[in-house]
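Chemist: Once you have looked at the hints, place chain B on chain A.
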Amino acid sequence: MNFTVDRDQFEGIIARIQGVAERRHTMPILSHTLLTAGPKAGPTGNPGLTVVASDLEIVIRCSQALDVIEPGSVALPARKLFDIAKVLPKGSVTVVAREGNYVEISAGRGHFRLAGLGSEEFPEMPEKPKGKPVALDSETFRKLVDCVSAFATGDETRYNLSGILLERQEEEGKTLLRMVATDGHRLAIADAEVPGLGGLLGERRVLVPRKGLIEIRKLSDGGPGSLELSATDKFLFAGKGDTEVWVRLLDAEFPDYLQVVPKENRVIANVPRGAFHEVLKRVSVMAPEKVNSVRLSFSGKQLEVSTTSPDLGEARDLLPIEFEGAPVTVGFNGRYLQDALGGISEDTVRMELKDEVSQVIIRPASGMNFLAIIMPMRIL
Amino acid sequence: MASSPREKEIIHLDMDAFYASVEVLDNPSLKGKPVIVGGGMKRGVVSAASYEARKFGVHSSIPMAKARRLCSHGVFLPVRMERYKEVSDRVFGIFRRYTPLVEPVSLDEAFLDVTASVRLFGPPEEIARKIRAEVRAETGLTVSAGFASSKFVAKIASDMNKPDGLTVVPRGKEQEFLGPLQVGRLWGVGEATRSALAEMGVQTIGDLAGVPEEAVVRKLGKHGAHLHRLAHGIDDREVEPEREIKSMGREETFDEDLLEILALRRELLDIATRTAARLRSHRLKGRTVTLKVKYSDFRLVTREVTFPHGIDDGGEIFRQALTLLEKTEAGKKPVRLLGIYLSNFGGEPGRDEGSGQISLFGHRPQPGFPAPRAPGVRDSARTAKLNEAVDRIRGKYGEKGARPGTLAEED
Numbered sequence: 136m137n138f139t140v141d142r143d144q145f146e147g148i149i150a151r152i153q154g155v156a157e158r159r160h161t162m163p164i165l166s167h168t169l170l171t172a173g174p175k176a177g178p179t180g181n182p183g184l185t186v187v188a189s190d191l192e193i194v195i196r197c198s199q200a201l202d203v204i205e206p207g208s209v210a211l212p213a214r215k216l217f218d219i220a221k222v223l224p225k226g227s228v229t230v231v232a233r234e235g236n237y238v239e240i241s242a243g244r245g246h247f248r249l250a251g252l253g254s255e256e257f258p259e260m261p262e263k264p265k266g267k268p269v270a271l272d273s274e275t276f277r278k279l280v281d282c283v284s285a286f287a288t289g290d291e292t293r294y295n296l297s298g299i300l301l302e303r304q305e306e307e308g309k310t311l312l313r314m315v316a317t318d319g320h321r322l323a324i325a326d327a328e329v330p331g332l333g334g335l336l337g338e339r340r341v342l343v344p345r346k347g348l349i350e351i352r353k354l355s356d357g358g359p360g361s362l363e364l365s366a367t368d369k370f371l372f373a374g375k376g377d378t379e380v381w382v383r384l385l386d387a388e389f390p391d392y393l394q395v396v397p398k399e400n401r402v403i404a405n406v407p408r409g410a411f412h413e414v415l416k417r418v419s420v421m422a423p424e425k426v427n428s429v430r431l432s433f434s435g436k437q438l439e440v441s442t443t444s445p446d447l448g449e450a451r452d453l454l455p456i457e458f459e460g461a462p463v464t465v466g467f468n469g470r471y472l473q474d475a476l477g478g479i480s481e482d483t484v485r486m487e488l489k490d491e492v493s494q495v496i497i498r499p500a501s502g503m504n505f506l507a508i509i510m511p512m513r514i515l
Numbered sequence: 150m151a152s153s154p155r156e157k158e159i160i161h162l163d164m165d166a167f168y169a170s171v172e173v174l175d176n177p178s179l180k181g182k183p184v185i186v187g188g189g190m191k192r193g194v195v196s197a198a199s200y201e202a203r204k205f206g207v208h209s210s211i212p213m214a215k216a217r218r219l220c221s222h223g224v225f226l227p228v229r230m231e232r233y234k235e236v237s238d239r240v241f242g243i244f245r246r247y248t249p250l251v252e253p254v255s256l257d258e259a260f261l262d263v264t265a266s267v268r269l270f271g272p273p274e275e276i277a278r279k280i281r282a283e284v285r286a287e288t289g290l291t292v293s294a295g296f297a298s299s300k301f302v303a304k305i306a307s308d309m310n311k312p313d314g315l316t317v318v319p320r321g322k323e324q325e326f327l328g329p330l331q332v333g334r335l336w337g338v339g340e341a342t343r344s345a346l347a348e349m350g351v352q353t354i355g356d357l358a359g360v361p362e363e364a365v366v367r368k369l370g371k372h373g374a375h376l377h378r379l380a381h382g383i384d385d386r387e388v389e390p391e392r393e394i395k396s397m398g399r400e401e402t403f404d405e406d407l408l409e410i411l412a413l414r415r416e417l418l419d420i421a422t423r424t425a426a427r428l429r430s431h432r433l434k435g436r437t438v439t440l441k442v443k444y445s446d447f448r449l450v451t452r453e454v455t456f457p458h459g460i461d462d463g464g465e466i467f468r469q470a471l472t473l474l475e476k477t478e479a480g481k482k483p484v485r486l487l488g489i490y491l492s493n494f495g496g497e498p499g500r501d502e503g504s505g506q507i508s509l510f511g512h513r514p515q516p517g518f519p520a521p522r523a524p525g526v527r528d529s530a531r532t533a534k535l536n537e538a539v540d541r542i543r544g545k546y547g548e549k550g551a552r553p554g555t556l557a558e559e560d
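So the protein lines, in turn, are chains A and B. My numbering numbers the first residue of the first sequence as 136 and each following residue consecutively. My numbering numbers the first residue of the second sequence as 150 and each following residue consecutively.
Same shape as in the complex, but just chain A (with noise of 0.2 Å):
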């Protein structure tokens, strides 16, 4: 193997698979990441350069498209590569592949002999879905991972809550994207229009792990454009520009969501958005760490924030809002009611409540594009 790449265009694509080589060295291979120049290893078939990480539930692939003088492929430890990637010299690097899977980057008069693996070791990359790729705006896909990812649970023992769900709707007419997450205490649904969804999820619903959705998400993170996504029963797979990345699917079953959607919250609140984050975030602060308990006072035409650390002190703020109703006071993770908050971008937020004890929905005051299901906490 032997190609000359700038080196910013080197460092980039680097950069771009560190995420999802495995940092633990459970496998050494999977520390590693595959490199392949060939006369069609760059973007579409044309010479260049590919690179692979995997940590078996996640495969990224980036291409660049540049002169290869000799074809060959080598597994390199990744976190290294990418340390030497930064710190080369502006200009142009040579990879050359020695005997042995060493391989020598030179840049500048900089120059450095890095051992690595066989790439005959790299696990089989996973097969690109047959079907036609469905495409859809890659903005449209980020905001619905934004709204949404918050809500999964990162305890993986709770395996179907550690994914998100994907689903086909049809409303009015309209197909729509939804995703769902939940981690038994809170849930959030999303909805995007897409038209032409039907290809990819027809009747199926795919759950697809958090880390994966994210990793799939930082596609559009390259600017706007579309976003290619097709699936098998294994796997999502999703490419945009010379990137593709390919997601496990979660096989477990996900919770009937629409079961806890509440339909007879009669208590209604509508309250500023930036306010009410501002106010929740100040009242934090002095909130007991990791339960992160805040108090809602419903009375009138204001709402009471307010927080009791047994240890620490205790904080309040009120702010003015539209209410109907006798008063009512509830519990909850503060941190909850931030993350559904960050998933609405109205101005006025709307709460729709039954009392205590019972689930709380958080959507925007007009529009149903987003909705999330909080339970409250009993504050003693």
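Some hints here could point you the wrong way.
Taking lysine to aspartate or glutamate pairs in the EDC-like style, the calculated list, with each CA pair at most 16 Å apart, reads [to be verified]: (1) B:Lys476 <-> A:Glu256; (2) A:Lys416 <-> A:Asp452; (3) B:Lys476 <-> A:Glu192; (4) B:Lys481 <-> A:Glu256.
Derived by calculation from the structure, the hints in this document are not laboratory data.
Modeler: Below, chain B without anything else, positioned relative to chain A:
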């Protein structure tokens, strides 16, 4: 962390060939014979060997088959842990007459901090002598003792005049005592460290003490600084009575190496089930699951995973261990031993239990029996109830009273 200003008086006590000695105690006709206690002949290892057997090169942790070759006329006995525990309890009872600061290292080994006992019972040498005499008179067993100003030196001292010996290292004489000993005697010096030190020309503990600390640190890193301190006889660790349980688990060495993934899964389920039962009997939940795999070439690897909440359910431990097993070469390489350990007890406070956070899916009345699987969330309260019931059945009918169906044919 900081070194205590208090000058400590530490006694290390180590029962002589404990398991083997208990066997001789229970069957005096074995007296004077090479007695070897250990696992099965096929794959087991020696747990203890009497001094008569040691003359033939038999010592603990060598394979039983090898012991038989070395000492074919030996008396080979299975491990009777219950009995050893019983004797151990009596011996530790004697230790505790002289100080409450008893740190058990194993059934047959303990550290005693007797600094404060001197006023009541006389000088530490005297205490060590009394303990040795009382153990012999009351149990018929011998114990070797080392007395010094730190745990580390006391431990090395107790090993000097084994069996039935007492070694005293006076304060200030630690370096003189340690100097001529091989560096391999230091805690934490294995083959790799020893050869690294040998490259520096260090053979004895005295050599190591003579090398500047920076040089050792350059060669061995932080660990080097620690060894250098030990070489100077400096060890500030306190005797910790009632040592907190830091990890709990089970492991199994197989009669024959296992290659079949199905067989490995089955063993893993068995180990997970037993580990879970043990955790629950101690009312512990571990947040970290560690899988230990030893291949047929004796290479040992561990894999672990940590969760926000504690686990004590066998099924859950099994599922996690299985995921970890996929990250090893098990199934491709023959496996000699599997083990599962849970650690990180105590859990993250404020999560779920006791936080007041109400659950979205749990505690919803589900009509019908058996309750439908949906809404797909494992209900931890129900699992806990089930485990409680299973534990009760096992308490009454033994381990086989209730266990996973996969393991039922095993008998």
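Chemist: Hint by hint, note whether the structure agrees.
Modeler: Each hint tested on the structure:
Proposed proximity of Lys476 (chain B) and Glu256 (chain A) is supported: the alpha carbons are some 14 Å apart, at most 16 Å. Note on Lys416 (chain A) and Asp452 (chain A): the hinted pairing holds, with a Cα-Cα distance of about 10 Å set against a maximum of 16 Å. With a C-alpha separation of about 12 Å, the suggested pairing of Lys476 (chain B) with Glu192 (chain A) holds against the 16 Å cut-off. Taking the CA atoms of Lys481 (chain B) and Glu256 (chain A), the gap is about 14 Å. The hint holds against a cut of 16 Å.
Checked against the numbered hints given earlier, the structure satisfies every one of them.
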